[in-house]
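Visitor: Sequence:
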Amino acid sequence: MSKSLIVAAAGALLGLPAGAWADPGLPPAAPRALFAQAAPAPVPAAAVYAAERPWLAALEPLVTETLQRNPEIQAARREREAAGHRVAPAGAFDDPMLEAGFINVPLPSLSFGKEDMTMKMIGLGQRLPFWGKRGLRQDVAARDAEAVGYGYEETVNRVLRELFVSWYDLALAAQSEQLIERNRGVLAQLVKSAEARYGVGQGAQADVLRAQTQLTRMLEELLRMQRERVMAEGEVGRVLVRRGAPLGQQPQLPPPGAAPAPLDQLRERAFAQRPQLRALRSLVTKNERAIELAQKDGLPDFDVKLAYGARNPDPMGMKRDDMVTLTVAMNLPVWRETKVDPRIAEARAMREQAQAMLDAQQDEIRMRLHHQSATATQLARSVTLYDREILPQARITLESTLSAYQVGRVEFMTLLDSQMAVFNYEMARLAALAGYHKAQVEIDFLTGRLAAGALGLDPGKGNAQ
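Counted from 1, the sequence shown has number 109 at position 109 by this note's numbering; the numbering is strictly sequential.
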């Protein structure tokens with residue numbers, strides 16, 4: 001006896017139209033279409049994102065490696081797959097109940113033919129939730145799985161932010177090391193020049209000591225940069241799960257790119273695309289459906305049972321007719337105040353919590369976007385100012401001072417100060433350049449572009465993978 005026969009019989013008994021128990025609250029195909037992305041798909045690493053950040057093309061292998069190997073991303077991906085598999089069972093019927101036994105067997109004789117109502121019985125029962133409950137349960141599970149899917153994208157977004165920030169820290173430390181080494185060579189030549197002049201009585205001992213002190217301080221700065229480089233390498237290796245293996249790639253700080261988009265545009269992009277916000281919106285919708293489901297819990301469910309009874313012939317050998325029994329039972333939800341109303345209140349509280357979290361995150365993103373956009377704009381202008389005015393002027397001053405020093409027109413201290421000024425400006429330029437790129441990474445993190453670019457997602461279509 002099939003489940004469809006039980007459902008059809010129950011519908012006929014209750015006077016319901018055919019297909020009434022199909023529960024159109026959520027079409028059966030919807031979860032499969034919504035979570036088709038649960039199966040792993042090839043990752044177009046940084047294909048979209050690199051179009052706006054062309055210097056990231058060199059990091060494409062690292063992005064791909066991160067998506068494939070990072071344990072946080074792998075765990076989030078498995079969680080998304082598990083959530084997708086919970087959708088279909090949430091709207092499924094309970095298992096039917098099969099029963100078999102004997103009915104009305106007399107105790108003194110235990111005979112199956114003496115009494116007319118003695119039967120060997122086999123039956124099949126099925127619980128049918130009130131119309132609409134199954135669809136709501138499936139919809140609640142679908143919205144929860146959707147939120148988990150956006151959580152996976154947010155994990156990718158966050159891990160890639162860690163990768164890029166650490167990479168730019170590593171690039172800053174590596175290029176600072178190179179700059180320090182180059183300036184140490186220049187200072188070493190100045191120390192030799194000061195010692196030579198002091199040896200022939202044309203210079204002061206203070207000049208030699210001052211130059212040696214600057215050279216020693218430069219060594220201390222080099223040691224600090226080496227320490228920072230090791231820390232940044234460790235952080236990049238942690239994200240890539242290299243476990244001590246060399247990166248095999250020399251980090252560089254590319255020149256500044258285009259200015260950040262207008263703040264209003266960034267806000268719109270963040271509110272539409274940031275996976276964290278989309279997950280919270282899914283939770284709001286989930287809890288709205290949970291409220292509807294809790295309200296429907298105050299309506300009864302139905303237990304349909306169809307049984308067949310076989311009777312033995314009577315003592316005279318006369319054949320008795322077999323019997324069929326169809327019953328429908330329903331629960332009586334009389335304890336609404338203690339069972340249903342608290343569930344409705346809980347679902348409403350959870351919806352308000354999700355909405356409040358969504359509002360709070362939007363306010364925080366709005367503030368952080370304003371800060372990071374201003375930072376990126378200011379640092380890009382600083383780099384341009386260093387490249388076009390400050391460093392050219394400082395280098396011209398250094399050349400002029402060196403020429404004047406060679407003919408004895410300026411003191412050694414003036415030459416040393418000019419050399420250190422150029423070095424300090426170059427270090428400041430590197431710091432501003434690294435800060436600009438990290439601010440851009442923060443903007444792309446806040447707007448969800450890191451995940452969208454790495455996974456090749458279309459923000460208007462939800463989870464594309």
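Since the hints were derived computationally from the structure, they do not count as laboratory data.
There's no promise every hint is true.
Said to hold, decoys possible - The list that follows gives simulated cross-link-like pairs (lysine to aspartate or glutamate, DMTMM-like), each with its CA atoms no further than 20 angstroms apart:
(1) K133 to D95
(2) K114 to D314
(3) K133 to D321
(4) K305 to D94
(5) K305 to E115
(6) K114 to D321
(7) K319 to E337
(8) K120 to D321
(9) K296 to E337
(10) K319 to E115
(11) K339 to D387
(12) K305 to D322
(13) K133 to E346
(14) K296 to D341
(15) K192 to D341
(16) K339 to E399
(17) K120 to E99
(18) K339 to D301
(19) K133 to E292
(20) K133 to D314
(21) K114 to E288
(22) K296 to E235
(23) K192 to E346
(24) K120 to D314
(25) K319 to D116
(26) K133 to D341
(27) K133 to D297
(28) K296 to E115
(29) K192 to E411
(30) K133 to E288
(31) K339 to E292
(32) K120 to D322
(33) K133 to D94
(34) K305 to D95
To be verified - For each label pair, taking beta carbons as the anchor points, the in silico distance ranges come out as:
(35) E352 to M231: 40 to 48 angstroms
(36) A261 to L385: 21 to 29 angstroms
(37) E364 to P262: 16 to 24 angstroms
(38) A428 to A360: 54 to 62 angstroms
(39) T384 to T216: 30 to 38 angstroms
Just so you know, even glycine gets a beta-carbon here, dropped at the ideal spot from N, CA and C.
Visitor: Taking the hints in turn, state whether each one holds.
Guide: Hint check results:
{"no.": "1", "hint": "K133 to D95", "result": "16 angstroms, holds"}
{"no.": "2", "hint": "K114 to D314", "result": "6 angstroms, holds"}
{"no.": "3", "hint": "K133 to D321", "result": "40 angstroms, violated"}
{"no.": "4", "hint": "K305 to D94", "result": "14 angstroms, holds"}
{"no.": "5", "hint": "K305 to E115", "result": "24 angstroms, violated"}
{"no.": "6", "hint": "K114 to D321", "result": "14 angstroms, holds"}
{"no.": "7", "hint": "K319 to E337", "result": "54 angstroms, violated"}
{"no.": "8", "hint": "K120 to D321", "result": "12 angstroms, holds"}
{"no.": "9", "hint": "K296 to E337", "result": "14 angstroms, holds"}
{"no.": "10", "hint": "K319 to E115", "result": "13 angstroms, holds"}
{"no.": "11", "hint": "K339 to D387", "result": "71 angstroms, violated"}
{"no.": "12", "hint": "K305 to D322", "result": "17 angstroms, holds"}
{"no.": "13", "hint": "K133 to E346", "result": "18 angstroms, holds"}
{"no.": "14", "hint": "K296 to D341", "result": "11 angstroms, holds"}
{"no.": "15", "hint": "K192 to D341", "result": "88 angstroms, violated"}
{"no.": "16", "hint": "K339 to E399", "result": "86 angstroms, violated"}
{"no.": "17", "hint": "K120 to E99", "result": "11 angstroms, holds"}
{"no.": "18", "hint": "K339 to D301", "result": "15 angstroms, holds"}
{"no.": "19", "hint": "K133 to E292", "result": "9 angstroms, holds"}
{"no.": "20", "hint": "K133 to D314", "result": "48 angstroms, violated"}
{"no.": "21", "hint": "K114 to E288", "result": "60 angstroms, violated"}
{"no.": "22", "hint": "K296 to E235", "result": "51 angstroms, violated"}
{"no.": "23", "hint": "K192 to E346", "result": "79 angstroms, violated"}
{"no.": "24", "hint": "K120 to D314", "result": "14 angstroms, holds"}
{"no.": "25", "hint": "K319 to D116", "result": "11 angstroms, holds"}
{"no.": "26", "hint": "K133 to D341", "result": "17 angstroms, holds"}
{"no.": "27", "hint": "K133 to D297", "result": "8 angstroms, holds"}
{"no.": "28", "hint": "K296 to E115", "result": "46 angstroms, violated"}
{"no.": "29", "hint": "K192 to E411", "result": "15 angstroms, holds"}
{"no.": "30", "hint": "K133 to E288", "result": "14 angstroms, holds"}
{"no.": "31", "hint": "K339 to E292", "result": "15 angstroms, holds"}
{"no.": "32", "hint": "K120 to D322", "result": "9 angstroms, holds"}
{"no.": "33", "hint": "K133 to D94", "result": "13 angstroms, holds"}
{"no.": "34", "hint": "K305 to D95", "result": "13 angstroms, holds"}
{"no.": "35", "hint": "E352 to M231: 40 to 48 angstroms", "result": "43 angstroms, holds"}
{"no.": "36", "hint": "A261 to L385: 21 to 29 angstroms", "result": "22 angstroms, holds"}
{"no.": "37", "hint": "E364 to P262: 16 to 24 angstroms", "result": "20 angstroms, holds"}
{"no.": "38", "hint": "A428 to A360: 54 to 62 angstroms", "result": "37 angstroms, violated"}
{"no.": "39", "hint": "T384 to T216: 30 to 38 angstroms", "result": "34 angstroms, holds"}
This entry does not satisfy hints 3, 5, 7, 11, 15, 16, 20, 21, 22, 23, 28 and 38, going by the numbered hints stated previously.
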